[in-house]
Each structure stands twice: as C-alpha cells, then as structure tokens.
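Whenever a hint applies, use it, and build me the whole structure from the sequences.
Each protein sequence line maps, in turn, to chains A and B.
Here the first sequence is numbered in the numbering used here, starting from 1 and rising by one per residue.
Here the second sequence is numbered in the numbering used here, starting from 1 and rising by one per residue.
Source of the hints: derived by calculation from the structure; they are not laboratory data.
No false leads were mixed into what you were given.
To give an idea of the interface, some chain B residues facing chain A are shown, with a C-beta separation under 10 Å as derived from the structure:
#: 1; residue: M627
#: 2; residue: P644
#: 3; residue: L689
Footprint (simulated), chain B over chain A, 3 or more residues, beta carbon under 8 Å:
#: 4; region: 3-15
#: 5; region: 37-45
#: 6; region: 65-79
#: 7; region: 96-107
Stretches of chain B that chain A covers, calculated by requiring three or more beta carbons in the stretch to come under 8 Å of a beta carbon on chain A:
#: 8; region: 596-605
#: 9; region: 609-619
#: 10; region: 628-642
#: 11; region: 662-668
#: 12; region: 675-688
#: 13; region: 734-747
Ideal placement from N, C-alpha and C gives every residue a C-beta, glycine not left out.
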Amino acid sequence: MDGLFIVMVGALVAAAVYLLLARDLPRVLIGFVLLGTGVNLAILAAGRVGAMVPPLVPPGSSALPDVVANPLPQALILTAIVIGFGLTAFALMLVVKVYARFRTVAADDLTEAEGAATPAAATLASQTPLTRQEAA
Amino acid sequence: MLALPILGVGIAAVLASLARPRIASVVGVIAALAALTVYLTQVSSVAEGLIPTAAFGAVPALGIAGGLRLDGLSLVFVLLITGIGALILLFAEGYLADDPKRKRLVAMLLVFMLAMLGAVTADDVIVLFVFWELTSLTSFLLVGYKHEREASRRAALQALLVTGGGGLVLLAGLILLTMAAGTTSLSGIIAAQSAVLADPLASVAMVLIILGCFTKSAQVPFHFWLPNAMAAPTPVSAYLHSATMVKLGVYLLARLNPLYQEEALWQALLSYGGIATALTGVCLAFRETDLKRVLAYTTVTALGTLVMLIGIAPDLSITAAMTFLVVHAFYKAALFMIAGAIDHAAGTRDASQLRGLGQVMPVTALAAGLAAFSMAGLPPFVGFVAKELIYEAKLEMGSAATGLIVAGFLVNAATVAIAVVLSWRLFAGRQLVAPSGAASPPHDPPLSMMVGPVVLACLGLMAGTLPTVLGAVLIDPAVTAVLGRPADVTLKLWHGFNAVLALSAATVAVGIVLYLLWERLVPRLKAVSLLDRFGPSVGYEHWLAATLRLATRTTTTIQHGSLTGYVRTLVLVMAVACLGMLILRGGVAWPQGGASLDARAGLGGLMLIGLGGTVLARTALQAVLAMGLVGFTTALVFLMFGAPDVAFTQFVVETLLVVILTTALMRLPIQGRDGRSRQQKLGDAGVALLCGVAVAAVLAAVLASPFDPRLSVWFGAESLPAAHGRNVVNVILVDFRALDTLGEITVLAIAAFAVVALLRSNRPADPAAPSPQGPLA
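Okay, structure coming up:
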C-alpha cells in the first residue's frame, strides 16, 4: 500500500503548489488546504499503513494486539486537522477583508505594504553629489 | 594617574549634558584645565626621561594587554588637546551664545577630548583603535551638529565613511602587526621590531596602517572630506579639523616610526604622499574665498608637510615635524577662531568681500596678524624656527631631495601669500563695502571669543623668542619618542647667514608676489571646472551612489513584493533541498515489503479525480467543490486504514470548510477565474510537479528505511493500565499529551476570536477614514 500513499501525497502536493502559485487569493487558500491534507497523509504513511483494525485495546486484554493501525500518527493528524481548520478560517477572513478594502483578490494588485521595486534606497541613490557651494 | 584626566573629562561630559548651557561651558572649561594641570605635572619627569605608565582596559581573556603610557610624543599631544580644548570651549560659549542646545556641543566636545586623550596615551593597539574610532564617531556628531541642514548631514556622513573606512583598514593592519609581534602592546610591538619586520606580511600591515592614517589625516587622495567638514560650527573646525583629530594619523605614523624608519617603502610612501598632499592643499586653497575652506586646505597642506617630514627620517626632520606640529596647532586654531569671530561680527566669511576690518576689530586684527606671521614663518615667531628646520632637513638630504625642496618652496611661498590674505587683506585699509547680513556694524567679539586667538597667537610669539625652552621641555622628549633615541638638535631662532636663510627670504618674496596676484588668480582657478568634475571627491560620490544602487537592486531582487514570487522561491528551495539531499545520500529508494495493494487502491483514483477538478476548475467555486471531494476521499482513506476517529473529524471539518468557503466566496462578487496565462500555467505546473515528485521521493525514502515502533508499542501497552482507556488515540490526546491538546484548543479559540473580530469590524473601503465602531462592537 506504500505506493498508493506515495502517489497520493505527491499528487496532493503538486496540486497544492500549483494552486499556491495562482494569482488569486481564493485559489491560494484552497492550495493551502490541499497541502495540509497531503502532509496529513504523509504522516499517516510514515507510521506504516496496511492494517484496517483501529487501535483499540480489546476487552479482556491490557495491551494492543499486534495487527492494528499505528495510534501515534492518528493523534498527530487529529491535532493537525483541527489546527489547520482554524488557520484556514482565519486566512479566509483575511481574504474577505482584503476584498472589502481593496476590491480585489489578485495578489499582484496588493502592493501597499511593499511597493514593487521602489525601496527608500532608490530615492537616496538619486541625490545629487555634495558640491562645494553646499558644503561651504 | 594617567587614567584620571580621561575619567574626569568623561564625568564632565555627563555633567555638561545635564547642566544648563552656560554652566555646561564652565564645567567643560574647568575639566579641560584640570586635565591640562594633571598633564603639566608630568612635564618635568617626561623631560628627564621618566615615562609614566598605567594599567588601563586590559582584557586578559582576549589577549589584550591594555595600558596607558605618556612619553614625549604623547605629552605634546595631550597638552595641545587639553590646552586648546579649554580655549575652544570658552570660544564656543561666546560663538554659540544664542543657541539653546549648545550644551550638547559642549558635551560632545568633551567626549571627543576624552577619545583623543585615550588615543594618544594608549599603549595598546586595541585600546588605541577603540579611542580612534570614538574620535571618528564624535567627529560625525560634531560635523553634523547643525543637523537641520542637509549639507551638514552629508558632510558628516562623508567624514564618517572616509575615516571610518580607513579605521577598518587600520584595524586590519594593527591585527597583522599584533600577530607578528605576539602582543597588543605598542611598546612591545616596537621592541619586537626584528620579529615584526621578518613577518611575510610585514609590508602589507605597513601599507594598511599608512592607509588608515592617511584617511584620518586627510592625505591625498582622501583629502576631500576635510574641507567639506567645514559645515561644522567654527569651534569644532578649530578644534577637530586643525589642531587635534586630523593630527591623529600623524600621531600614529610618528608613534610607529621607530618600527619602520629604516624601511624604504615607508620613507617613500610618507615623503611623496606627504608632499603631494601639501601641493594639492595649496593649489586648492587658491580656489577658495570662504575663509574656513581656505584654512581647511592650508590644514591639508600642513598635514602633508608633517607626514613628509616623518618620511624623510633623520634627526633634523623629526625635530622639524614636532616643532611644526606645535606651531601649526597654535596658529591654525587661532586663525579658525578668528574666522569664526569675523563671521560672527560681519555676517560673512567670504574673503573677497571683506576689507579693512582692522578699524572696527582692532584686537582681532592684532591676533590675526600675530598668528599669520607665525604661519608665514617670519622671525621672531616660532613658525620661522619650524620653517628653517624643515628647509635645513631637506638641504641635509642633498641632491636626492631636490624635488622635495622645490615643492616645499612652492608650498611655503603659497602659505605666505595666504597668510598675507588672512591678515593684511582682511584687516588693513578701508572697509570695502558694508557687508550685508550683519545686524550691527562689525565689532570685536566678546571676551570669551577673544581669549583663545590672543593666547595662542602670543604663545607663538613667546615660543619663537625662547625656542630653547620649547625645545628642551617639549620637542626633545617627543623627538626621542619618535626616533627611538635622543636627537642632537637644538632649536634656534637665528642660524646666521646661510642657504636656509636665503631660501626663507626667497620664500617670502615669492609669497608676496603670489599675494599681489591673488585677486586675479582665484577667479581663474575657480573657473577650472575640470577639478570639480574629476578627482577623489567625485569618485566618492560615484562610489556612494553605486553602493546605494547595488543595495536597491539587491533589495528589489530579493524583496520584490510579489506574493507569488515569494511562494515560488519557497517551494523551489524546499524541492531542491529534498531532492538534493536524497541524491547526495545515494538516490531514491522504493519501499520493499509492506502490505500489498488491494481494493483500497481505488481511493487513489477518486483522489486524482478530485485533484484534477481543483486544478482545472474555471471558477473558484468549482475549485472549492472539487476540494471537498478530495477532503472526503481523504476521510475515506483514514476510515479504510484503521483511523475512524480521524476520519470523522475530517468529515466534519471538510463539510464545514466547504460550507464556509462557499458562503464566503458568494459574498465576494467576483468570477474567481484563474488569471494566469497559458505560459504562466505551464511554468507553474512544472514547479508544482517538481515539488510533488520531491515530496513523494522523500516519503518513499522514509518508507524504505526501517521502522522503529517503540513509541507506539509503549502507548499501546500503557493505555489501559496507566490511563484506563481502551481507545489509544483518545488516550494519547487527552491523557499522555493532554497539555498539547490544551494548547491546541487555545490556538483554536484565539483563531475563533480573531475571525469574529475581523467579521465584526466593518471597516470602510477607504483606509484613511476612521472606523465608526470599535473592532469588537
């Protein structure tokens, strides 16, 4: 079954990156969700997969039987899913707010924080040299 | 004992910055005079050859020896620094009487004085360097004192960059020197002369040190910062840029002279660099009419002469150098203060507009006359003694020094001409025009501004009439320190009729001819625009602009402001790092063994359909729905692989996500089309494929490596006995890792609050308009 997971994780990551590189923010957000899913599946696979039996201690026994699913990755993934959901909800609200304020969700149009290619140094460099009259 | 003045001046600087302006000046003058007194008590013992030392700033853990030492050379400098410093502080009180923030100037001048005292008494290259840099920093602050003016700020920056850059070069040289000598102690390095000179990098160290000193002492080609630094208030120019800081380079060259004096390269660099600087200085001085800039260029000339004299080594020249050092400090500080007084009284410093000031400013005229006589090197002033010595030293070298003699002759003649301009032309005759800009007619400045020039000018006269006293008390011990042995030269005012006297007479004659041509010469030289378009000053501007352009380009390349670009960089770095690591470790391995494929593999097909939907979706809404398919398939995968708890969570979360995303996207009245061109899509797909392959390869490598089940086995065995739960996943979450889960809940709660806050804040689209409600209203 390892091959199945390798293909699924690879496909999820590829699709996620493709969407992350999109110019509109809703797609970026979807890419973000897919990336989380891909990582969750990778974690599950890293704990080795195959068994269908959930990790429950059967009545009359005090320990897990031998052929059950690995409980540890499941605990990690549960946490990751919930946190990922919180993060996605927050990011979505940011996108909504961005639209409300700038009337666009195109990443390339959002240049208020970092104007493209005009840092302060450019204006400094364009100053005229120190002349004799000035310094006098 | 030696640390006392340094500490005292430091405390005075703190007090001055706290006190009221007038009190600050008083504190400063008292501190300088007290330090002067302390050093004066050492004069007799130094003259007898007893050299006081003190422990200071040692850091044994770093191998820094530390220590202060006051030999003849240091003594000359500390007396000039404290003595002239006291007069300057007094002058500043009068000069800046209307300036409410002048106590800052006083405090900074005191910090500068502290740094200078430390630098010239340090017996350790690291201690010396720290104080050396402190003088550069205080010079930056003092030149930029009138920080409201752009020219001041840029002149300050220029002085800092040139001297600070030179400081770094110097540090490299000093470190090489320290490594060769095995000690940071200056006297230790000089004592280890043979080891230092035998080092393969000895000449590199020497050239680096010379470069550092040349920047500090404004030698060609670094001379340009000094005239620009005249943007500083006149007291600062008089103190830093004539009498003290610019001589620090000369000091270090003199200090290291015992080490290098036999080296041909040392002699050549210093003598030719010095004379080139001197000639450049006088030539450029003839292009100026601003008194302060004229003085600045003559200072460049004097510094060049001093460096040249150190370079031509024998006894006479070092004696001449030390004498000229003192002489120059006396007359140049006086002339700077006089220029400040004229500026203060007449409202202009332009020499071409000023005539006949002697009628209204008699005391200033007297002081200027005395100082200018010393500058011109006329008897019976001490300047004459120094000039005679300089000529004598050069003549002694014989035919080898013909070039030096001719150049020196021109320099001295031009200096005579400028001295006549500064005294006769400014003060004699009738007033040319009433200078504009002055509220009241010109007059002698207040007493506080007169004391400095008069005292210094009179000292020049006294030292000239009693040269043997000056020689025995100050010059001889200094020469001993510079040569490493006593020199047999006696300072005399009258040498009899000889070649030197003839040269002096000729100098004065040519100087007066030059003065008569001055009025016609200056505009002509000013018109030579070639000098403004080329030269080191323009080079500095180009270098500065190029540095800023490079920074701009680097910043715009790295911080380009495109979100997509940042993401692309991020994922590409990740993919390349993953693949590179795998290749370095011997290629990609495919996992062997493990469970064989069964019907569950069909889920992979469902997943690929969902993913294809998200990628190919034409609108964002379609993409969300396809994403839901992927999410539910994932939930099924969890269910089929023994993780029902995870599967149910995934179902719930995925349902919520689809609902929320759809709702939110409905609120955005947009098409949600993918705005990329076909070409962009292809490029992005390539990047995406690379990333997918990289992550898949890493996962394959992980699965191919042996599995360590100890942790899972431990949780499985301890779940029931220790935590009384049969569902191991739940037990891990709420018992073994309960704190993590608490943290997770907290994060989720904070995210929820933030989302609510964002939703409730109805900020208008106009970012400038204030919000009508609070964010949580």
